[in-house]
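Colleague: Sequence:
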Amino acid sequence: AVRERISEYEKSKISTSISMVKRAVKYKVKYDYLLADSWFACTEIIRYIKTRAMECHYLGMIKMGNTKYEYEGKFMTSKEIIQTLSLQRGRKWSQKMGLYHIECQVKLDGMDVKLFFYRRTKRGKWVAMMTTNRSLSYIQALKIYSMRWSIEVFFKESKGLLGLGKYQ
Numbered sequence: 004a005v006r007e008r009i010s011e012y013e014k015s016k017i018s019t020s021i022s023m024v025k026r027a028v029k030y031k032v033k034y035d036y037l038l039a040d041s042w043f044a045c046t047e048i049i050r051y052i053k054t055r056a057m058e059c060h061y062l063g064m065i066k067m068g069n070t071k072y073e074y075e076g077k078f079m080t081s082k083e084i085i086q087t088l089s090l091q092r093g094r095k096w097s098q099k100m101g102l103y104h105i106e107c108q109v110k111l112d113g114m115d116v117k118l119f120f121y122r123r124t125k126r127g128k129w130v131a132m133m134t135t136n137r138s139l140s141y142i143q144a145l146k147i148y149s150m151r152w153s154i155e156v157f158f159k160e161s162k163g164l165l166g167l168g169k170y171q
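Sequential numbering from 4 applies to the sequence shown in this note's numbering.
It is worth saying that the hints were derived from the structure and are not from the lab. Every residue, glycine too, gets a C-beta built ideally from N, C-alpha and C. Treat the hints with care, since some could be wrong.
Said to hold, decoys possible - Below, a list of computed lysine-lysine pairs in the BS3-like style, where the Cα atoms sit at most 25 Å apart: (1) K95 with K53; (2) K128 with K99; (3) K99 with K77.
Stated by the list, open to error - Between beta-carbon pairs, the in silico distance windows are: (4) S15 with L145: 42 to 50 Å; (5) T87 with K128: 12 to 20 Å; (6) R126 with K29: 42 to 50 Å; (7) E13 with Q143: 35 to 43 Å; (8) K25 with M150: 16 to 24 Å; (9) Q108 with T54: 14 to 22 Å; (10) I154 with M67: 39 to 47 Å; (11) K159 with G127: 19 to 27 Å; (12) E13 with K33: 29 to 37 Å; (13) S22 with L167: 35 to 43 Å; (14) L167 with E13: 15 to 23 Å; (15) V28 with I154: 14 to 22 Å; (16) Q86 with R8: 24 to 32 Å; (17) G93 with R8: 41 to 49 Å.
Turn these sequences into a full structure, and let the hints guide you.
Modeller: What follows is the structure in structure tokens.
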């Protein structure tokens, strides 16, 4: 087991995460969503989830970077999609959640996915999520993804309180 972990250390984070999912499937671990932060939002993982006969979906944060999504026949970045939908009155206010949100169906490298964008104020910074479950609502996505938050708190406290610094 130690040698396995050492060999994982030398692999890319994407291939290691796919190996972890394979192990979970092998041991019959049941889950509805693979929850991930923006480091893991890539076509390799999405394609792996979508091309396997697994009954699960991907749900994770995405970076507001240069990744191009196909939206209404045009290839656009997440910022360009937000701009387009804001002009089309696609941005909505949720009284219940206390935030602005936009959701849209797009293609990522030919794969159907759904994007969610959130922000607290009119001029605030947009935060984005992606899922392979195109029937998921923005509220459901937030509730499901919030389960990951306890993991993030643990990592932060471990690094700070236990002196683990920059270890992954």
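Colleague: Could you tell me which of the numbered hints above are not met by this structure, giving the numbers in increasing order?
Modeller: 1, 3, 4, 10, 13 and 16
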